[in-house]
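**Student:** So the protein sequences, as listed, match chains A and X. FYI, the numbering for the first sequence is 1 to 417, going by the working numbering. FYI, the numbering for the second sequence is 1 to 423, going by the working numbering.
It is worth saying that the hints were derived from the structure and are not from the lab. Just so you know, these numbers come straight off a predicted model, no measurement behind them. Keep in mind that the hints are not guaranteed to be accurate.
Listed next, the stretches of chain A that the computed footprint assigns to chain X, with coverage defined by at least 3 CB atoms under 8 angstroms from CB atoms of chain X [as the list claims (entries may be wrong)]:
| id | segment |
| --- | --- |
| 1 | 70-81 |
| 2 | 326-333 |
Footprint (simulated), chain A over chain X, 3 or more residues, beta carbon under 8 angstroms [to be verified]:
| id | segment |
| --- | --- |
| 3 | 14-24 |
| 4 | 105-111 |
| 5 | 116-125 |
Ideal Cβ placement from N, Cα and C applies to all residues, glycine included.
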Amino acid sequence: MAVKKDLSINYLGLKCENPFFLSSSPVGSCYEMVAKSFEAGWGGVFYKTVGIFVADECSPRFDNNSKEGLRWVGFKNMEQISDKPTELNFENIARLKRDYPDKLMVASIMGSDDDEWKKLAKMAEQAGADMIEGNFSCPQMSNHAMGSDVGSSPDLVRRYSKAVTEVTKLPFIAKMTPNITSMEIPARAAAEGGAAGISAINTIKSITNIDLENLTSMPVVDGKSSISGYSGAAVKPIALRFIAQMAKDEKLKGVEFSGIGGVETWQDALEFVLLGARNIQVTTGIMQYGYRIVEDMISGFSHFMDEKGVSSVDELVGGALSNIIPAEDLNRDFKVLPSFDEDRCIGCGRCYISCYDGAHQAIDWDEERRRPKLNDNCVGCHLCLNVCPVQECILPGEIKFKEGRRAGDVVIKRHYE
Amino acid sequence: MSKVFKSDYSSEAVAGFTHRTAIEEAARCLLCHDAPCSQGCPAGTDPAKFIRSIRFRNTKGAAETIRENNVLGGSCARICPYDRLCEEECSRCGIDRPIEIGRLQRYAVEQEEAFGMRTLKAPERTNGVKVACIGAGPASLACAAELAKAGYLVTIFEKEEKAGGMLTYGVLPARLPQRVVDHDVAMTAGLGIKFEFGKKVGRDVSLDDLRKKGFKAFFVGAGLWRAKRPDIPGSDLNGVFTAVDFLKKAREAGGVPEIKGKSVVVVGGGDVAVDSAVTAKLAGAEQVVIYYRRTLEEAPANMDEIRYAISIGITVATNFAPSEISGTGRVEYVSFRGRDGKSEAKVAADAVVFAIGQDPEDMSWLTGVKLTEKGTIMTSRNGTTDAEAVFAAGDIVNNGKTAVEAVAAGKGAAFDMMSFLGK
Chain A
1 MAVKKDLSIN YLGLKCENPF FLSSSPVGSC YEMVAKSFEA GWGGVFYKTV GIFVADECSP
61 RFDNNSKEGL RWVGFKNMEQ ISDKPTELNF ENIARLKRDY PDKLMVASIM GSDDDEWKKL
121 AKMAEQAGAD MIEGNFSCPQ MSNHAMGSDV GSSPDLVRRY SKAVTEVTKL PFIAKMTPNI
181 TSMEIPARAA AEGGAAGISA INTIKSITNI DLENLTSMPV VDGKSSISGY SGAAVKPIAL
241 RFIAQMAKDE KLKGVEFSGI GGVETWQDAL EFVLLGARNI QVTTGIMQYG YRIVEDMISG
301 FSHFMDEKGV SSVDELVGGA LSNIIPAEDL NRDFKVLPSF DEDRCIGCGR CYISCYDGAH
361 QAIDWDEERR RPKLNDNCVG CHLCLNVCPV QECILPGEIK FKEGRRAGDV VIKRHYE
Chain X
1 MSKVFKSDYS SEAVAGFTHR TAIEEAARCL LCHDAPCSQG CPAGTDPAKF IRSIRFRNTK
61 GAAETIRENN VLGGSCARIC PYDRLCEEEC SRCGIDRPIE IGRLQRYAVE QEEAFGMRTL
121 KAPERTNGVK VACIGAGPAS LACAAELAKA GYLVTIFEKE EKAGGMLTYG VLPARLPQRV
181 VDHDVAMTAG LGIKFEFGKK VGRDVSLDDL RKKGFKAFFV GAGLWRAKRP DIPGSDLNGV
241 FTAVDFLKKA REAGGVPEIK GKSVVVVGGG DVAVDSAVTA KLAGAEQVVI YYRRTLEEAP
301 ANMDEIRYAI SIGITVATNF APSEISGTGR VEYVSFRGRD GKSEAKVAAD AVVFAIGQDP
361 EDMSWLTGVK LTEKGTIMTS RNGTTDAEAV FAAGDIVNNG KTAVEAVAAG KGAAFDMMSF
421 LGK
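Can you make the complete structure from the sequences, with help from the hints?
**Tutor:** Okay, structure coming up:
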């Protein structure tokens, strides 16, 4: 009797049973993997990027970084596009579409010139793919005519988008690199070239850890290593920012967005949806935990919709966008003082240390009682609330208006997890 | 001097998780591929799945998993012997210590209640077939739930005024607060199950009466309610209790006023003995001593519970069995004989609680059902008895095991009943 909602959504003119897709990566690189993911509940796949170029991979090729014992905060990957023969990949796509007609198959392709892009697009259409994604963004290609070097050039993005859309009627999605300042510029170029959708973000160029044994970065490949793409929970804030900026861009009106970056839970996915994404792609979460994570994404998302009385995912798309405004437009007339719950407080003093060393010396420490006490220095920054290890021990309290400013209603957050 | 922990009769022994601490604990879980914890649960509660749901911020989904697999998930979360079930199987034991599965289960069920979730709903269509469950303890509730989910019209007949059986009348509220049992029962009742309280089948109404009323099959989850008393001089003196009566009295009255400031002897070595001793101590007894006839290593009681009992100032004496209770009109002394055949002891006491096991009540009214020498019911593996359309499981069959095993057996019997009714 588990709560199950209709999570179907129209994406680029096609109905998807849910917005949760595998992104073009190691998690969707052969028939068996994709088939298993479909059985687990994923709505579709961006099949691992196919090129004329067949990758020759290094070993090892992954690394992760941790914080306070929590591993996989971020993940580094040196794998390039598919290392399987081009024809075999399209055969797999055709078989998957035949065996799972209700799931969406997106063929991710990458060429190194106009002809390759056109050839791959035609092969994708012939294989029966529902859509095509152009990979303009892999940051670890061993050939610089491909990957993120292309994605950071609006001219090449426009040109290759055009090459693809000239030879196929299938919806075309351009996958963006975050290794630039402003993603709207290449995204507009893609739209000008005929792209109907934008997916973002691909991975961020990174060095995760330095190996002190070999004095190179991780992973160590015959004593050396390279800069390559970073993903996982740590990149979600960066991905959300790019999606929000593109979704608010007037020149990108009508373009549909697919959100990628650190999605592990239904809540992560919902955040992308609320910023305008109609589709969600996942890789790193699956590499760490397996396809099964989609079960709790579907169930958790359903419960959220049930709780809020929302009947379709569509109603949620872009719901938070209007509340994200330029810094200069924020109401700066007041401060919200923290309120300390003496019964919940365990007397650890972390708020006191952080306020003194990192904020405004606004907390006095009662050594006798081992409890914090707020003084007049408080500016309402809420560093204390952020550092307190006890749930709901420090919460927003009294609202104080700055001198000479007019008092009015102020919306604040009340519930913290 | 060691520090003795003080608390009240009804205050809970262990605090629950908050959202944040639950996520932290769930994050310790290794999310095993073939999670041994899930295989370790007799009732199939599937901890691996609900812990994963908590880890991925889907507490509601976690509550659904628990409730759908084990209708008494809230109660089991409090009293299950995890240390020899799911937590013993936990892979994390190989690194440091197991995931606190019981506390995570408790958290998810508490959230289910806090969210006002209706995890179990009556099926939209019933099949019109009436079945009766006798007794409202764990086995019966679990059996009734499976039948109700499948569309049967289930009525539970219970001799007491409240559902829950031993959960309601035989466990210390510090371990299992009544509201937790009541919530489990309410969720189960949500499947459309009817309860008839104060009605003992075999005394107030016969199986034939029920057959005439159209009931097509019967589940007997009568439990073990006749407490054993040792055959020694003085066991009928005033101040001698059986554990069942003692715990029931304490739960109904919220304590036992007559033992305040008194000295209490508890005889036995199982969970019920420990619960009785803790009840006596928390209810205000000055001195409480558990006497067990064997050694601590041989005692069936959960070691954590024994540790807790010691932490609140209870003494445990081993290798002594009672030989006589003496006093004028009421208990004044209890005499013991040592297991070694040489030692003897005579201690002053105001009350004695016997927690040396329970027997079934007279089951001979169940015509055609084969009974064991002890009076328990003989069944096939899944609860089929020798009498047509009569099934049984739980304590009345296994002679007294845990609640989670009763849930498992009740579920199993439901499937036998359905295949019988489906013929």
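**Student:** Check whether three or more residues of the segment 14-24 of chain X sit with their beta carbon closer than 8 angstroms to a beta carbon of chain A.
**Tutor:** holds (count 4)
**Student:** Do three or more residues from the segment 116-125 of chain X put their C-beta atoms closer than 8 angstroms to C-beta atoms of chain A?
**Tutor:** It holds: at least three residues are needed, and the segment 116-125 of chain X offers 3 whose Cβ sits within less than 8 angstroms of chain A.
**Student:** Are 3 or more residues of the segment 326-333 of chain A near chain X, judged by a Cβ distance of less than 8 angstroms?
**Tutor:** violated (count 0)
**Student:** Check whether three or more residues of the segment 70-81 of chain A sit with their beta carbon closer than 8 angstroms to a beta carbon of chain X.
**Tutor:** The restraint on the segment 70-81 of chain A is violated, since only 1 of its residues have a Cβ under 8 angstroms from chain X and three are required.
**Student:** Taking 8 angstroms as the Cβ threshold, is the statement that the segment 105-111 of chain X is covered by chain A upheld or broken by the three-residue rule?
**Tutor:** violated (count 0)
Checked against the numbered hints listed earlier, the structure breaks hints 1, 2 and 4; every other hint is satisfied.
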